[in-house]
Amino acid sequence: MVTQQCLQFVHYSSSSTCVVVLASSWSHEIHTPLHCFSLYLQLYHSFTQLRLSNWNCLHLVMRVTWAKKIFNQFSAQCLIHKGNFTTSATFGPSNPKFPIISNNFTDELKFTNATSYGSIPIYRILGSATEDEAMANIELEEAKYIKMYKDMVTITVMDKILYESQRQGRISFYMTNSGEETVQIGTAAALSLNDVVYAQYREAGVLLWRGFKLKQFMNQCYGNCEDIGKGKQMPVHYGSKELNFVTISSPLTTQLPQAVGAAYALKLAHSDRCVAVYFGEGAASEGDAHAAFNFAATLDCPVIFICRNNGYAISTPAREQYKGDGIAAKGPAYGINTIRVDGNDIFAVHNATRAAKEWTLANGKPVLIEAMSYRIGHHSTSDDSSAYRSVSEIAEWEKLQPIARFRQCLEKYGLWSEEQEKEFVSSIKKQILSDFAAAEKNVKPNWKEVFTDVYYNMPDHIKKQSEAMAKHVDQYKEHYPVELYKQQ
Amino acid sequence: MATSKFCSRLRNVTRLSITNSGSIFPAVAPSTIRHAGIGRTHFTYAPESPPTNSGDTQEMNMFKAINNGLALSMEADESAVFFGEDVAFGGVFRCSMGLQERFGKDRVFNTPLCEQGIVGFGIGIANMGSTAIAEIQFADYIFPAFDQLVNEAAKMRYRSGGDYDCGKLTVRAPCGAVGHGGLYHSQSPEAYFAHTPGLKVVVPRGPIKAKGLLMSCVAEPDPCIIFEPKILYRAAVEEVPIGRYVTEIGKAEIVRKGTDVTLVGWGTQVHVLIEVANLVEEKLGVSCEVIDLVTILPWDVDAVSQSVKKTGRLIIAHEAPLTCGFGSEIAATIQESCFLSLEAPIQRVTGWDTPFPHIFEPFYLPDKWRCFDAVKNIVNY
Ligand SMILES: Cc1ncc(C[n+]2csc(CCOP(=O)(O)OP(=O)(O)O)c2C)c(N)n1
Ligand SMILES: [Mg+2]
Chain A
1 MVTQQCLQFV
11 HYSSSSTCVV
21 VLASSWSHEI
31 HTPLHCFSLY
41 LQLYHSFTQL
51 RLSNWNCLHL
61 VMRVTWAKKI
71 FNQFSAQCLI
81 HKGNFTTSAT
91 FGPSNPKFPI
101 ISNNFTDELK
111 FTNATSYGSI
121 PIYRILGSAT
131 EDEAMANIEL
141 EEAKYIKMYK
151 DMVTITVMDK
161 ILYESQRQGR
171 ISFYMTNSGE
181 ETVQIGTAAA
191 LSLNDVVYAQ
201 YREAGVLLWR
211 GFKLKQFMNQ
221 CYGNCEDIGK
231 GKQMPVHYGS
241 KELNFVTISS
251 PLTTQLPQAV
261 GAAYALKLAH
271 SDRCVAVYFG
281 EGAASEGDAH
291 AAFNFAATLD
301 CPVIFICRNN
311 GYAISTPARE
321 QYKGDGIAAK
331 GPAYGINTIR
341 VDGNDIFAVH
351 NATRAAKEWT
361 LANGKPVLIE
371 AMSYRIGHHS
381 TSDDSSAYRS
391 VSEIAEWEKL
401 QPIARFRQCL
411 EKYGLWSEEQ
421 EKEFVSSIKK
431 QILSDFAAAE
441 KNVKPNWKEV
451 FTDVYYNMPD
461 HIKKQSEAMA
471 KHVDQYKEHY
481 PVELYKQQ
Chain B
1 MATSKFCSRL
11 RNVTRLSITN
21 SGSIFPAVAP
31 STIRHAGIGR
41 THFTYAPESP
51 PTNSGDTQEM
61 NMFKAINNGL
71 ALSMEADESA
81 VFFGEDVAFG
91 GVFRCSMGLQ
101 ERFGKDRVFN
111 TPLCEQGIVG
121 FGIGIANMGS
131 TAIAEIQFAD
141 YIFPAFDQLV
151 NEAAKMRYRS
161 GGDYDCGKLT
171 VRAPCGAVGH
181 GGLYHSQSPE
191 AYFAHTPGLK
201 VVVPRGPIKA
211 KGLLMSCVAE
221 PDPCIIFEPK
231 ILYRAAVEEV
241 PIGRYVTEIG
251 KAEIVRKGTD
261 VTLVGWGTQV
271 HVLIEVANLV
281 EEKLGVSCEV
291 IDLVTILPWD
301 VDAVSQSVKK
311 TGRLIIAHEA
321 PLTCGFGSEI
331 AATIQESCFL
341 SLEAPIQRVT
351 GWDTPFPHIF
361 EPFYLPDKWR
371 CFDAVKNIVN
381 Y
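As given, the protein sequences belong to chains A and B, one line each in that order. Each residue of the first sequence is one higher than the one before, counting from 1 in UniProt numbering. Each residue of the second sequence is one higher than the one before, counting from 1 in UniProt numbering.
One or more hints might be untrue.
Selected chain A positions facing chain B (in silico; Cβ < 10 Å) [said to hold, decoys possible]: (1) Ser94; (2) Lys97; (3) Ile101; (4) Glu226; (5) Lys232; (6) Ser250; (7) Leu252; (8) Gly282; (9) Thr316; (10) Ala387; (11) Glu449; (12) Val450; (13) Thr452; (14) His461; (15) Leu484.
Keep in mind the hints are simulated off the structure, nothing from the lab. Here the structure is a predicted model, which is why all the values come from computation and not from measurement. Just so you know, even glycine gets a beta-carbon here, dropped at the ideal spot from N, CA and C.
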């Protein structure tokens with residue numbers, strides 16, 4: 001039957017075509033390479049009969065693929081080349097080569113879904129067989145682990161103070177990090193300062209790790225004249241070029257494709273730097289997330305996607321945010337190396353990020369980390385989470401106490417003690433409060449900063465508006481809170 | 001600052017579970033604060049009276065009026081669904097409180113966090129003849145849906161020769177200044193959409209208008225966007241009719257009669273202008289006519305023209321930036337329709353041509369003193 005088709009085809013095409021490509025699946029006719037060889041001979045015979053032998057430089061190549069185990073199919077290709085002409089045609093039941101995918105065929109009609117694969121496991125160290133091994137190295141990197149612990153504690157203390165200060169109306173807004181300190185510090189400690197960070201808004205620990213001063217946090221929250229951002233953004237929208245931490249923007253997920261572009265530029269510049277980009281599991285639903293994953297994979301960008309899956313996007317629980325095997329499952333679908341980690345396990349988070357960084361730089365390709373955690377605090381000071389989750393649910397997650405567990409590990413190896421704890425907590429509280437007081441006392445930037453940084457140079461129309469407002473404020477001084485702002 | 005007192009309070013904070021819903025948006029923080037922005041409102045709310053013959057009324061703030069309007073719309077139309085980010089538990093501005101319990105999870109539901117998805121999904125529902133009411137959490141976050149609104153919702157009827165449409169789509173989005181919203185919780189993007197033939201765009205100035213416009217937009221056979229000034233959700237309280245009524249789309253309202261200057265605004269700005277009108281009457285003896293435009297697209301050219309033909313002077317005020325703000329369109333149209341009646345150049349008092357700044361909000365807004373000054377200038381021209 002196949003031979004018949006071939007003959008007909010060769011007959012039909014001989015006058016006009018120089019090349020025949022035959023690709024087929026003949027599971028019923030050809031069972032062994034031998035059969036295939038005999039087909040080859042028959043075909044060759046037909047070609048010769050059709051006076052194809054008169055052609056110059058005639059090559060007949062047959063490639064047989066024996067897909068024994070899975071589909072019991074053959075695919076054969078006859079290629080005839082003449083001169084530098086090439087045309088091709090396919091006939092018979094075929095095994096086309098679709099790009100990228102592995103081209104496995106099946107006659108089983110079956111849908112594939114999240115349950116067709118095992119769920120991506122959650123990498124953890126604490127409580128696992130390798131815990132002791134991991135701990136054994138802890139002393140080698142004592143300074144790092146102590147700083148990690150201190151930074152985690154610092155974030156919790158700072159959160160309490162700033163949250164409460166918003167409650168008292170001292171600052172306009174705040175967002176806490178509670179429950180996610182481990183993810184922040186564990187990942188941050190695996191990056192170098194010259195790596196670039198794009199964050200969402202719940203990553204204060206990352207910035208602290210990189211060296212942002214407590215007073216810089218406070219200055220930003222107050223938007224005073226020492227705030228790097230000149231009071232233009234709401235609290236917690238930190239940024240620092242010096243620390244390679246790109247200024248936070250409220251619109252969700254916009255940072256993802258940007259991070260990918262940054263990674264591309266770093267790679268093109270032959271730097272040994274990568275980009276880490278943070279986002280929530282809610283933000284992962286935005287179109288920009290798709291764009292970023294796909295760009296990173298297709299354009300081979302050294303970027304580490306760090307998804308903080310804390311179970312909620314404001315009031316929306318993760319189960320209403322996505323189906324399937326979470327955010328991690330998207331990684332392999334995009335062709336991205338992926339790992340899911342226990343976000344309450346500092347060692348797991350840290351190890352995973354270290355490995356991710358090594359891999360992304362060695363291969364110039366993206367990595368996705370999904371860190372499983374829980375948002376212990378309210379979404380922000382605008383939110384009262386008791387409206388959509390139970391107190392007992394929160395209590396259940398609070399039991400995990402990742403920071404306390406970390407402290408236990410450090411104490412076990414003699415790297416930390418009760419005394420150190422007491423001393424550190426009281427000194428950090430003192431420092432935060434004094435920085436806070438200083439930030440509160442500080443005036444706002446000069447109000448004319450309204451008009452700066454829109455462009456590199458101020459265009460005339462903005463200059464005119466600035467001048468008009470200056471004149472107006474001068475004339476109506478008593479109606480504007482000028483005394484809170486820095487004088488020229 | 002009383003650091004010691006502050007410290008002692010902090011010591012009492014054991015866990016971050018202090019509950020106080022929505023303290024930044026839209027309610028305002030304690031009034032003792034010396035910091036610009038926080039706790040400061042730049043206007044005095046002027047409630048309107050219920051429309052005549054609209055039946056029984058009840059005191060409602062704006063989020064309650066909207067909630068009431070949503071409930072009535074869903075009651076009247078079984079195909080109606082309401083969806084968006086965080087709407088199931090009542091919405092971050094509480095507009096959908098109790099609706100899921102009442103109408104079920106099939107009709108009131110959270111979507112994944114994706115604005116382009118929300119609007120595209122709504123267009124599809126409307127394509128099938130069902131009623132879609134979509135909430136975008138903040139107008140500042142409507143831009144991922146810009147393509148769906150501008151290229152799809154707006155052009156569907158035109159490109160199919162009237163065969164298909166998505167007139168049953170209504171999109172609601174909180175907009176405007178709130179005292180401390182900064183760049184991304186304060187914008188008024190009405191002009192972007194006013195530049196899009198095929199859309200209808202409205203802005204309520206309080207509870208009565210918010211409910212009436214919602215009911216009208218849901219019934220309107222064209223896709224509508226309602227920009228709701230978020231600062232009014234709690235702060236604005238009126239006697240709102242509890243039954244069904246509509247606020248006509250495309251019709252402006254003269255909220256204060258006057259003879260010397262016409263002041264045009266929409267949303268929160270209307271209240272600033274009413275205050276300004278009282279102020280200039282008292283201080284300068286000038287009589288202002290205040291017009292709430294209500295609908296941005298298609299706007300009521302006749303109402304504004306008639307007023308300006310009478311007063312000879314026009315000031316338009318809006319929170320959005322000056323350049324290509326909707327005031328530009330009004331000014332261009334009115335100079336054409338009222339050229340011979342104008343006593344002075346039309347003035348615009350607006351947000352500056354900068355992003356919306358956090359800590360400088362008092363210096364950014366077209367507040368009453370800037371509007372007052374504009375009136376002074378226009379009468380002295
Ligand atoms: C484009 C956009 N849409 C909506 C919002 C409003 N918003 C702010 S945070 C948030 C939830 C984000 O959840 P997730 O990404 O899980 O981060 P988490 O808060 O849990 O850290 C929403 C809806 C926004 N900032 N930007
Ligand atoms: Mg989340």
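Now the hints, each set against the structure:
1. Ser94: violated, 37 Å
2. Lys97: violated, 35 Å
3. Ile101: Violated: closest Cβ of chain B sits about 27 Å from isoleucine 101 of chain A, beyond 10 Å.
4. Glu226: Violated. Min distance 13 Å.
5. Lys232: holds, 5 Å
6. Ser250: Hint on serine 250 of chain A: holds, closest Cβ of chain B at ~4 Å, below 10 Å.
7. Leu252: holds, 7 Å
8. Gly282: Result: holds, 4 Å to nearest chain B Cβ.
9. Thr316: The hint holds - threonine 316 of chain A has a Cβ within 10 Å of chain B, the shortest such distance being about 5 Å.
10. Ala387: Since the shortest Cβ distance to chain B is 6 Å, the answer is holds.
11. Glu449: Where the cut-off is 10 Å and the nearest Cβ of chain B is about 7 Å from glutamate 449 of chain A, the hint holds.
12. Val450: holds, 4 Å
13. Thr452: Check passed: Cβ of threonine 452 of chain A comes within 9 Å of chain B, closer than 10 Å.
14. His461: Holds - the Cβ of histidine 461 of chain A comes within 10 Å of chain B, reaching about 6 Å at its closest.
15. Leu484: holds, 5 Å
Comparing the model with each earlier hint shows violations of hints 1, 2, 3 and 4; every other hint is respected.
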